[in-house]
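Chain residues, written in single-letter form:
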Amino acid sequence: MNLIIGNDITIGYEGEPVVSHLTFSVESGDYICIVGENGSGKSTFVKSVLGLIPPLSGKIVFSGGLRQDSIGYLPQRSAIQQDFPSSVTEIVLSGCLNRHHRLFGYSREEKARCRTMLERLGIAGLSSLSFQELSGGQQQRVLLARAMMATERLLLLDEPATGLDPQATAELYSMIDSLNGSGITVMMVTHDIHPALNAAGKILHFSHDGYFFGPKDEYFKSEKGMTFMKEAGHDHH
Amino acid sequence: MIITEILSYPFLSRALFVGFLISISSSLLGVSLVLRRYSMIGDGLSHVGFGALGIASLLSLSPLYVTLPVVVVSAFLLLRLSQRKGGGDSAIALLSSSALAIGVAAVSIGGVNTDLNAFLFGSILSVSRSDALISLAVSLVTLSAYLVFYHQIYATTFDPAFAKATGLRCERYNNLLALLTALVIVVGMRMLGSMLISSLLIFPSLSAMKVARTYFRVSVIAAAESVAAFLAGFIASYALSLPTGASIVIAHMLIFIILSASGLIIRRIHSVIS
Chain A
1 MNLIIGNDIT
11 IGYEGEPVVS
21 HLTFSVESGD
31 YICIVGENGS
41 GKSTFVKSVL
51 GLIPPLSGKI
61 VFSGGLRQDS
71 IGYLPQRSAI
81 QQDFPSSVTE
91 IVLSGCLNRH
101 HRLFGYSREE
111 KARCRTMLER
121 LGIAGLSSLS
131 FQELSGGQQQ
141 RVLLARAMMA
151 TERLLLLDEP
161 ATGLDPQATA
171 ELYSMIDSLN
181 GSGITVMMVT
191 HDIHPALNAA
201 GKILHFSHDG
211 YFFGPKDEYF
221 KSEKGMTFMK
231 EAGHDHH
Chain B
238 MIITEILSYP
248 FLSRALFVGF
258 LISISSSLLG
268 VSLVLRRYSM
278 IGDGLSHVGF
288 GALGIASLLS
298 LSPLYVTLPV
308 VVVSAFLLLR
318 LSQRKGGGDS
328 AIALLSSSAL
338 AIGVAAVSIG
348 GVNTDLNAFL
358 FGSILSVSRS
368 DALISLAVSL
378 VTLSAYLVFY
388 HQIYATTFDP
398 AFAKATGLRC
408 ERYNNLLALL
418 TALVIVVGMR
428 MLGSMLISSL
438 LIFPSLSAMK
448 VARTYFRVSV
458 IAAAESVAAF
468 LAGFIASYAL
478 SLPTGASIVI
488 AHMLIFIILS
498 ASGLIIRRIH
508 SVIS
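Line order of the protein sequences matches chains A and B.
Its first residue numbered 1, the first sequence is counted upward by one per residue in my numbering.
Its first residue numbered 238, the second sequence is counted upward by one per residue in my numbering.
These are computed hints drawn from the structure, not numbers from a lab.
Even glycine gets a Cβ: it sits at the ideal position worked out from N, Cα and C.
Do not rely on the hints blindly, as some may be mistaken.
Over the 10 Å line for every Cβ pair with chain B, so calculated as not near, a few chain A residues [said to hold, decoys possible]:
#1 69
#2 175
#3 223
Distance condition first, Cα-Cα at most 27 Å in a straight line; then the derived DSS-like pairs of lysine-lysine [stated by the list, open to error]:
#4 111(A) / 322(B)
#5 322(B) / 216(A)
#6 401(B) / 216(A)
#7 59(A) / 216(A)
#8 47(A) / 216(A)
#9 401(B) / 111(A)
#10 401(B) / 322(B)
#11 47(A) / 59(A)
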């Protein structure tokens, strides 16, 4: 089942196209890695999918009951003020505001869902701590829990491993793998080739002279894939 | 005892009541303003308010009817300026001093020099019965809007990108915050003066953040700090015949120093334990 379809779309800022004639689709259960050099259109793509900037031409279509405002988005951690006073629970609960209709406070169901998310991501013990007291890996899990409060169907992660130490990175990736294994569709922007090698099913590669979208196996046989591998220090056998 | 004495004067109990409401509203708004790095908006608005007061007195118009629309419009203008790349802080500074200059010129043309002092530093005597009613209405609107949209204001302050992506209208809450700030500044300015009112927005949240680490606790402590500083300053001003606005701000300052010091000590103890 398709969740997101873009057919021959052109995306960019203020009339300046960054990626032209892009065709891609996201199916339920996919694990898609979005790679490419800086300035090639990764963040433009993320913003377009989130509906923060409209495509210059064409339309990104949502289907299968997915709505644009119910994408579980994990922004880059650097975008968040590190000294912001906020408890873990406050952050995770705020993820469900997109479907929140009560006048005051959160409902009992919303609070129960928040507890479930915290347990699922192994951070139930941190619920009353402040965000600023957490390690980078713990902060990322909190933001992941918040994203899953918004939706349990599709997660869009923007460079989630940036600034994490190798162990926290490995833990985060295995967490994302297991979420994908439980049926959550994952789209992840990354600099790191390893998740692309291991877990991803499809690759969306942006470069200044076009893009690649397709299954992982095809990608690593393609010219773009081989260049990417070489740059990352992996010889292709 | 001193409280019952204060309460025996109708104009003082009126001022006490109005100040109480303004203290709570301003401290809550301040938490979000400070965290959004919008403190300059509050400061700019108070200067604009002074300019508007000067014009009102020159034209012998009712102060609130002039300041209210002028400050509200300026709030949206300042919000746009501060969202510019680079912060637009020089533009805000220019607007502030221009408004101040216009106010001073207007007051001096009007030739009533006693007004200048009251406009700049506030006057308890200026809280008339109709002022008290308008202040009450404005404070209630501010408080209820803040409470209803508390979670949305929090979410759009903490992470606007996520909030926007999940369909919250960030722009709407920015505008709401600017509007409420303008209202609180207009009603608070007459008692505290335009030079001092912005400290009512900024001190409580900064003090609260010295000791609290969650948004909810920061909000509650900020409101409590604001009320405490107001009462302490109000009583001190009555007992020692000090200007009210100045003694309230000094009370805020003292509490800020005490909480900063205790925050430091608490963290030192934590780091020794762990």
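Looking back at the hints listed earlier, which ones does the structure fail to meet?
-> 1, 4, 5, 6
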